[in-house]
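*Asks:* All chains, full assembly: derive it from the sequences and hints.
There are 2 protein chains.
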Amino acid sequence: MHRFRTATFDLENGKRLQNNKNMKTTIKDIARDVGVNVATVSRALNNKPGVSPELRRTIQRRAAELNYLPYGQARSLVTRRTETVGLLFDMELGTLLSNPFYSEVLAGIEAEIRQHDYSLMFASTSGEPVQHFTALPKFIVEHRVDGVIVVGSVEANIIDMLITSGQPFVIVDYHLPDRHLDAVLADNVRGAYAATELLIGLGHRTIAFVGGEPLDHGNFGERLEGYRRALNDAGIPFQDDLVAGGGIENGDLNALQILARRPDTTAVIACNDTNAIAALNALQRKGYGVPDRISIVGFDDIPHAARTHPPLTTVHVDRRGMGRAAALRLIHKLHDNDSQPECETVFPAKLVVRESSGPPPAAKPADSEAVLPDERQ
Amino acid sequence: MHRFRTATFDLENGKRLQNNKNMKTTIKDIARDVGVNVATVSRALNNKPGVSPELRRTIQRRAAELNYLPYGQARSLVTRRTETVGLLFDMELGTLLSNPFYSEVLAGIEAEIRQHDYSLMFASTSGEPVQHFTALPKFIVEHRVDGVIVVGSVEANIIDMLITSGQPFVIVDYHLPDRHLDAVLADNVRGAYAATELLIGLGHRTIAFVGGEPLDHGNFGERLEGYRRALNDAGIPFQDDLVAGGGIENGDLNALQILARRPDTTAVIACNDTNAIAALNALQRKGYGVPDRISIVGFDDIPHAARTHPPLTTVHVDRRGMGRAAALRLIHKLHDNDSQPECETVFPAKLVVRESSGPPPAAKPADSEAVLPDERQ
DNA sequence: CTGTTAGCGCTTTCAC
DNA sequence: GTGAAAGCGCTAACAG
Chain A
1 MHRFRTATFD LENGKRLQNN KNMKTTIKDI ARDVGVNVAT VSRALNNKPG
51 VSPELRRTIQ RRAAELNYLP YGQARSLVTR RTETVGLLFD MELGTLLSNP
101 FYSEVLAGIE AEIRQHDYSL MFASTSGEPV QHFTALPKFI VEHRVDGVIV
151 VGSVEANIID MLITSGQPFV IVDYHLPDRH LDAVLADNVR GAYAATELLI
201 GLGHRTIAFV GGEPLDHGNF GERLEGYRRA LNDAGIPFQD DLVAGGGIEN
251 GDLNALQILA RRPDTTAVIA CNDTNAIAAL NALQRKGYGV PDRISIVGFD
301 DIPHAARTHP PLTTVHVDRR GMGRAAALRL IHKLHDNDSQ PECETVFPAK
351 LVVRESSGPP PAAKPADSEA VLPDERQ
Chain B
1 MHRFRTATFD LENGKRLQNN KNMKTTIKDI ARDVGVNVAT VSRALNNKPG
51 VSPELRRTIQ RRAAELNYLP YGQARSLVTR RTETVGLLFD MELGTLLSNP
101 FYSEVLAGIE AEIRQHDYSL MFASTSGEPV QHFTALPKFI VEHRVDGVIV
151 VGSVEANIID MLITSGQPFV IVDYHLPDRH LDAVLADNVR GAYAATELLI
201 GLGHRTIAFV GGEPLDHGNF GERLEGYRRA LNDAGIPFQD DLVAGGGIEN
251 GDLNALQILA RRPDTTAVIA CNDTNAIAAL NALQRKGYGV PDRISIVGFD
301 DIPHAARTHP PLTTVHVDRR GMGRAAALRL IHKLHDNDSQ PECETVFPAK
351 LVVRESSGPP PAAKPADSEA VLPDERQ
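First to last, the sequence lines map onto chains A and B.
Residues 1 to 377 (this note's numbering) are what the first sequence spells out, left to right.
Residues 1 to 377 (this note's numbering) are what the second sequence spells out, left to right.
Do not rely on the hints blindly, as some may be mistaken.
[As the list claims (entries may be wrong)] Between beta-carbon pairs, the in silico distance windows are:
#1 ASP292(A) <-> ASP160(B): 52 to 62 Å
#2 GLN115(B) <-> PRO341(A): 36 to 46 Å
#3 HIS332(A) <-> ALA260(B): 51 to 61 Å
#4 VAL141(A) <-> MET161(B): 28 to 38 Å
#5 ARG81(B) <-> ALA135(A): 17 to 27 Å
#6 PRO359(B) <-> ARG285(A): 51 to 61 Å
#7 GLN239(A) <-> GLY289(B): 37 to 47 Å
#8 ALA135(A) <-> ASP233(B): 36 to 46 Å
#9 GLU342(A) <-> GLU225(B): 54 to 64 Å
No lab work stands behind these hints, which were simulated from the structure alone.
Here a beta-carbon is modelled for each residue, glycine too, at the ideal position from N, C-alpha and C.
*Replies:* Okay, structure coming up:
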């Protein structure tokens with residue numbers, strides 16, 4: 001009947017396991033060793049009631065001596081909980097990590113997750129080719145996580161698959177206006193609005209917006225929208241040729257380009273700090289004084305923004321807080337069974353005025369530039 | 001005898017599960033549905049031999065229809081393999097991620113791991129306080145990973161715990177000279193040697209080294225050592241006041257400080273690119289021409305190094321490759337049972353000459369500075 | 001080729 | 001307080 005494990009014969013040898021290199025000790029071993037039932041060992045080790053204090057101590061001591069390490073797999077199989085959450089993002093890990101925005105979000109998630117004694121699994125789009133998820137990552141398919149945090153934009157079908165899989169999940173920094181999902185977001189529109197408003201208040205009238213891809217939706221789209229609205233509310237017409245999209249790292253080229261075709265520009269808003277800093281450097285190198293000739297404001301308030309020359313005026317987003325909030329939201333979902341309904345948590349975006357923004361240069365030269373007949377319509 | 005799961009009574013209803021929201025379908029359900037044994041289902045789904053092609057197809061189709069997702073936990077319990085590896089690093093995640101060096105290493109690890117269809121778990125030092133590991137992370141303790149990759153320096157006792165736990169592991173970018181462990185390393189000494197040699201060859205004699213913490217061991221220590229050896233081999237005495245350690249982000253302050261006390265300095269080697277770029281900016285801002293007045297060389301060849309003005313001469317390390325190598329090494333350890341002995345894989349560090357390095361300014365002025373009597377001994 | 005059965009390590013009723 | 005036994009979902013002998 002009884003087959004023997006590996007090559008060890010079960011000759012009533014209570015301690016055989018600790019002598020066998022290939023075998024980890026289990027509660028069964030401890031039970032045999034102490035002379036109690038496995039259930040008692042389980043109770044003792046998990047600090048559950050129903051074990052006399054001294055027995056509990058004996059068991060715990062013996063477990064430590066035998067170098068006992070529990071098998072999470074086995075526990076999870078019966079408890080249906082892995083105490084692990086998965087992180088999902090539709091970019092290559094390197095891309096995600098090198099983005100100061102997301103790396104802070106991740107740090108927040110990790111901190112919160114860890115504080116609740118959960119573990120974290122990662123999944124990104126595979127390898128070098130810019131290839132998107134075709135299926136959910138293995139660890140989700142195999143029930144290896146209790147829930148998922150989606151970071152940034154992912155393909156719509158991934159969200160659908162998550163929904164049909166029944167996996168609890170929350171999204172951070174990706175706004176799906178239609179669906180009603182748990183999400184943690186930054187108030188991009190209002191942030192960009194405030195930034196634009198600041199510049200208008202300083203007297204700027206020709207304000208450029210240098211963006212990244214994509215510019216029609218997502219974070220950058222929302223920021224562009226805030227810029228647009230602020231202009232509109234101030235009665236300044238929105239002008240296409242003051243906006244440049246394109247590669248996120250090309251803030252320098254974009255800014256230079258706009259300035260070439262619209263020399264009357266006196267301020268630029270960048271879709272994020274990385275872009276703003278690139279623009280700042282490029283402009284300074286070309287001899288444009290910042291903020292005397294041209295003001296620059298960024299978005300995100302990455303650490304480096306405070307250390308540029310001049311320090312960058314930007315819009316602060318509590319990325320770390322967003323990460324923590326998302327993680328916390330998920331953990332709540334996992335514990336209180338479906339208690340709260342889906343909700344969006346919007347983090348305020350706060351303008352941080354530093355020294356890269358100031359009033360535009362005296363009106364005269366700007367005016368003369370502006371009326372040059374050869375200016376593009 | 002038979003207790004009923006939850007509130008569903010087992011009335012020979014082969015399809016009850018898919019109607020029950022709380023219950024995922026299992027191979028048992030499929031078996032019942034198709035009218036075969038669970039073992040057959042298992043074989044069919046895992047593409048194992050011993051199932052007729054048509055039966056296999058039927059089972060697979062039915063599994064898909066029933067929305068079957070396997071329970072990795074259960075499988076792992078019997079196969080003793082989780083197909084997951086853990087990542088261990090003794091810093092806060094944010095710190096790790098904001099470091100371009102490590103984020104590339106991680107990307108490499110992730111890519112390789114994923115290619116082999118493994119998953120990745122993360123563990124960092126907990127939370128904000130600079131607190132080090134006191135115990136192995138939960139996922140290791142609970143056998144939730146098959147092996148571990150240690151990134152960067154960790155406390156020695158963590159290594160010890162890993163060893164006694166019997167977990168297969170490989171270290172990347174952390175050199176423990178004493179022990180004989182699996183590790184993937186960069187050839188820091190030789191890299192720094194080459195950089196220093198380049199400068200010496202160009203005619204520099206007063207070469208500063210601006211470092212980060214710690215400077216007595218680890219990567220920076222090894223780079224300093226390479227610098228030292230190159231000087232030595234060229235017959236140039238090593239001078240303490242040409243070296244500045246301190247905060248890794250303070251390349252600017254350190255460089256300025258050295259230049260203040262040793263105006264005869266004509267070149268600086270930085271312990272990494274982040275530092276070098278900080279120094280570059282600071283020096284240029286103070287009016288020092290680079291490379292005319294002073295040459296700068298970095299270490300790591302982070303992406304941004306090619307985009308500075310002037311582009312940075314630096315030492316390239318294939319961080320991504322190191323990550324991949326470490327992951328691959330671990331996976332091999334997991335498959336071929338303990339085949340190869342422990343080994344260190346050393347990645348070459350290749351000098352990349354760009355435009356931030358050049359010959360020192362004409363000897364005259366440098367000489368006159370160098371002989372000023374008030375120069376510190 | 002397919003079915004039977006034992007069991008991975010653990011938790012959890014249910015008895016006593 | 002403690003023990004006995006069932007079983008989580010799956011794989012892997014072994015038997016036919």
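*Asks:* Given the hint of 51 to 61 Å, check if HIS332(A) and ALA260(B) actually sit that far apart at their C-beta atoms.
*Replies:* 55 Å Cβ-Cβ, so the 51 to 61 Å window holds.
*Asks:* Between the beta carbons of GLN115(B) and PRO341(A), is the distance compatible with 36 to 46 Å?
*Replies:* holds, 40 Å
*Asks:* How does the Cβ-Cβ distance of PRO359(B) and ARG285(A) compare with 51 to 61 Å: does it lie in that range?
*Replies:* This hint is violated: roughly 24 Å between Cβ atoms.
*Asks:* In this structure, is the beta-carbon distance linking VAL141(A) and MET161(B) contained in 28 to 38 Å?
*Replies:* holds, 32 Å
*Asks:* Does the Cβ distance between GLU342(A) and GLU225(B) fall inside 54 to 64 Å?
*Replies:* holds, 57 Å
*Asks:* Taking the beta carbons of ARG81(B) and ALA135(A), is their distance inside 17 to 27 Å?
*Replies:* holds, 21 Å
*Asks:* Go ahead and decide if the range 37 to 47 Å is satisfied by the Cβ distance of GLN239(A) to GLY289(B).
*Replies:* At 40 Å between Cβs, range holds.
*Asks:* Go ahead and decide if the range 52 to 62 Å is satisfied by the Cβ distance of ASP292(A) to ASP160(B).
*Replies:* holds, 60 Å
*Asks:* Mind checking the hinted window 36 to 46 Å against the Cβ distance between ALA135(A) and ASP233(B)?
*Replies:* violated, 56 Å
In summary, the numbered hints that this structure violates are 6 and 8.
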